[in-house]
Amino acid sequence: MEKLVTLIPLFPLAGFLCIIFFGKTLSKSLIGGIASGAILLSFIASILVFTTQIHGAQPTVVKAFDWIHAGGLDIDISFLVDPLSSIYLLFITGVGFLIHMYSTGYMHEDEGFNRFMAYLNLFVFFMLILVLGSSFVTMFIGWEGVGVCSFMLIGFWYKDMKNNDAAKKAFVINRIGDLGLILGMCLIFSNAGSLNFSELFIEGSSGLSMPRDIATTAAILLFIGAMGKSAQIPLHTWLPDAMAGPTPVSALIHAATMVTAGIYMVARCNGLFASSAAASEIVAWTGMLTALMGATIALTQNDIKKVLAYSTVSQLGLMFLALGLGAYSTAVFHVITHAFFKALLFLGSGSVIHGMGGEQDIRRMGGLKSHMRITHLTFLIGTIAISGIFPFAGFFSKDQIVAVAFEENKVFFILSLIVSACTAFYMFRLYFLTFHGKFRGTHEQEHHLHESPKSMTIPLVVLAVLSIVGGFIGLPHAIGHDMGMHWHWLDHYLADTLLMPTSLMHSGTEIALMLVATIVAVGAIYFAWNIYKKKGQLALEDKAITSSTHRLLAAKYFIDELYTAVIQKPLDALSHFFNSVFEHKIIDGLIQSIQWSVTSTGDLLRKAHTGKLYMYILITVFGLILLLTQL
Amino acid sequence: MELLPHITIDHYLYFSTVLFCLGVAGIMYRRNAIIMFMCVELMLNAVNVALVAFSKMYGQTDAQVFVFFIMVVAAAEVAVGLAILMMLYRNMHTTDTDVLDKLKF
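First to last, the sequence lines map onto chains A and B.
Numbering-wise (numbering that gives the first Met the number 0), the first sequence opens with residue 0 and increments by one.
Numbering-wise (numbering that gives the first Met the number 0), the second sequence opens with residue 0 and increments by one.
Treat each hint with caution, since some may be false.
Stated by the list, open to error - A partial selection of chain B residues facing chain A, derived with a Cβ cut-off under 8 Å:
1) LEU18
2) LEU21
3) VAL23
4) TYR28
5) THR96
6) ASP100
7) LYS103
To be verified - Away from chain A, derived, C-beta distances all over 10 Å, residues of chain B:
8) PHE14
9) MET37
10) VAL64
11) VAL77
12) TYR88
Derived from the structure by calculation, the hints contain no laboratory data.
Ideal placement from N, C-alpha and C gives every residue a C-beta, glycine not left out.
Work out the full structure: start from the sequences and follow the hints.
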C-alpha cells in the first residue's frame, strides 16, 4: 500500500517529463494517451488506496525521503493517507482523467498541444502533492506548484497580451494569500514546534497547545492563504479573469480542484479553526458575502465562462460558510459534488465554444439545442444539479449547507436561500439563452455548428451521470434512514479526521428545509423560464443597460476599478513621486555632486602636471632635501 | 683601506656624494633622454660606491651582495630602457624629453 501511495503523484510527473522531453518525436494521439493514461493509473491507484480506507485502515504516513533537518525542524517529504486525503485523491484523479481525455479532443488543433498536456499533468502532480502532503511544508510545495501551473495555463495562449495580464493577476493576488499562509505556518511552528499534521491535529483532535489569541491569529493567517487560492472576498478578482485560459483548464483548475485547495486546507486544520470561534466567524462571513456577491454578479454576465466563473466564486463561498459554521464534512461534500457538476458545466461550455468556433458571448448564441444534443442534455443535467433540484448531486450538498446555516444562524439561512435562488436563476438564464430561442450568431457560425467529437462528449456523459448520483454519498438522515440506505455516509467516513456537529436534526425540520430550498429553486427557475423562454427576452447589449443596479452588477460591483483607484493609482503616484524627487533629485544629486567635486579638484591639481621632467626632478630633489633637513 | 690608509671612509663618501649630485644635476638640466639615462646610472653607481665602502668599514659582506643586485637590475634596466628609447626615436625622431610629453593630460 505504501508504495502505491508514492506512485500516485509519480504517474503524472512521469507523464509530464515524458511529454516535455520526448514530445516532439511523438504523435499527438500518443501524447494524449500518455497524459490521460498517467492520470488513469493514478486514479486506479487512488481507488485501491481509497478501498483500504473504506475498510477502516488507520491513517498512515508514508515517508518518501528526508528533506530538511535543521535544529528542531524536521521535514520529510511524506504522504498522509487518511479519509480526507483519500477522497480528495479520488475525485482529483477521477475528474482529472475525464478532463485530460476531453482536452485531447478540445485542444487537438492547437499548436501548443504538447505543452498543454504536459502542464496539465504537472498540475495534477502538484495537486496530488498538495492533498497528500503530511505537513504544512509539503502541502505548501503543492500549493505553490498548482499556482505556477495555474499561471502557465491561464496565460497558455501567450500571444494575446490580455491572457498574460490575467495570468499575472492570478499570480500576484495569490502571492498576497500565500504570504498569509507562510506567516500562519511560521506562527504555528514557533508555538507548537511542529508542522506535521499528524502531530498537530490528529493526536487528540484539538491537541493544539496554543493560547487562544495565537490560535485565532494563526487560523486567520491560514485563512488568508485560503482566500487567495479559493477566490474569496477581497482576493476573488483573479478567478473570473482566469477564464482567459483554455476551457479544460477552467474546468480542472479553476472549478474542480485547485480552487478547492483552500477548503481542503481549512478542513485539514479543522482542529485549529474549531478552537477559535472568532476565526470561524470570519470564515463564515467571508464565505457568505462572497457567495452572495458572486451569485448576484453572475446574474448579469453575458460571457458563458464568466457566468460559470462567478458561479464558482459563489459556490466556494458556500463551502466556506459551511466550514465557518463547523460543518467541515459538509463543505467537503459540496466540494465533491461541485467538482462533478461544475466540471461538467465548464466542459459543456467548452463544447459550446468549440462548436461556435470560439464565440463566448451568450448574446450571440441561442437555439443550440438541436445542433448539439449531447452537450445540451448534459449541460441541462449540470444546470439542474447546481440549482439544487432533487435528486441531483447539488441538491443534497447544498441542502446540507442550508440546514447547517438554519441550525447555527438564521441570517446565514436567509442569505444562503437567496444565493440558491440566484444560482438557479442565472444558471437557467444561461441555459435558456444558450440552448433555446433562435440562433443569434453569424451565418458562418451557424454553418460551423456541430456536435463535439467523442473524446469530448464521453467525459460529459460520465460527469453528467456523476452529477446525478454523486449526491448519494451524503443522503440526509430523513431520506436515507427511512429508505434503509446509508445516510450521511460521507460524514461517517470522514468522522475520524474532521470534527462533526454534534446535534442531529429532527427529520421533520430536515424535510421542511428541503421543501423550502426546493421551492425557492423552482421559483427561481420558473422566473428564468418566464423571462427568457416564454417571453423570449434577450440579454441586453452593454449600451442598452439603463437600471443602475444592473449596471452595478454588470460591472462586478466596480471592485476591479476600486482596487485600481485605491491600490494601483496611489502606488503609481507614490512611485512616480519617488522617481522624480527621490531618485532624480536626491540620489542622483548626491552622486553628481561627488563626481563634480572630484573633477574640479582634479582640474585644479592638473596644473602641477607640466610634462617637463626637470620640473618633477627638481621638486623631488628639493622635497627630499627639505625632508632630510627637517628630520 | 689597509692598502691606502690615508684614504678614510669620509673620502669615499664625499666621492659618492659628488657622483650622486652630478647624476641629479644631469637629470635636472639635460633634456636628452640618453644623457638622462646615463645620469641615472651615475646615481646608481654612486650608491654602489657608498655601499662597498660601508661594507669594508664594518667588515660585513651584506652590502656587497646588494651592490651585485643593483648592478644586475641596472643591466636589465638598460636593456629595456635603451629598447624603449630606440623605438621612441624611430617613431618621434627625437629623444628630447620636452617634446615627448604625449602622456601628459
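Structure-based check of each hint:
Violation of the interface hint for LEU18(B) is found here, the shortest Cβ-Cβ separation to chain A being roughly 15 Å, above the 8 Å cut-off. At a threshold of 8 Å, the smallest CB-CB gap from LEU21(B) to chain A is about 13 Å, leaving the interface hint violated. This hint holds: VAL23(B) has a C-beta 6 Å from the nearest C-beta of chain A, less than the 8 Å allowed. At a threshold of 8 Å, the smallest CB-CB gap from TYR28(B) to chain A is about 7 Å, leaving the interface hint in force.
Here the hint on THR96(B) is kept, as its CB sits about 5 Å from the closest CB of chain A, short of 8 Å. Satisfaction of the interface hint for ASP100(B) is found here, the shortest Cβ-Cβ separation to chain A being roughly 3 Å, below the 8 Å cut-off. Annotation: interface hint on LYS103(B) holds; nearest CB of chain A at approximately 4 Å, less than 8 Å. With 10 Å as the threshold on Cβ separation, the claim that PHE14(B) sits away from chain A holds: the shortest Cβ distance comes to roughly 20 Å.
No Cβ of chain A approaches the Cβ of MET37(B) within 10 Å, the least distance being about 15 Å, so the stated non-interface status holds. Annotated as non-interface, VAL64(B) keeps its C-beta farther than 10 Å from every C-beta of chain A; the closest such distance is 26 Å. Distance check for VAL77(B) against chain A: the nearest CB is about 19 Å away, which clears 10 Å, and the non-interface claim stands. Even its closest Cβ contact with chain A, about 17 Å, leaves TYR88(B) beyond 10 Å, as expected for a residue assigned away from the interface.
In the structure shown, a violation is registered for the earlier hints numbered 1 and 2, in ascending order.
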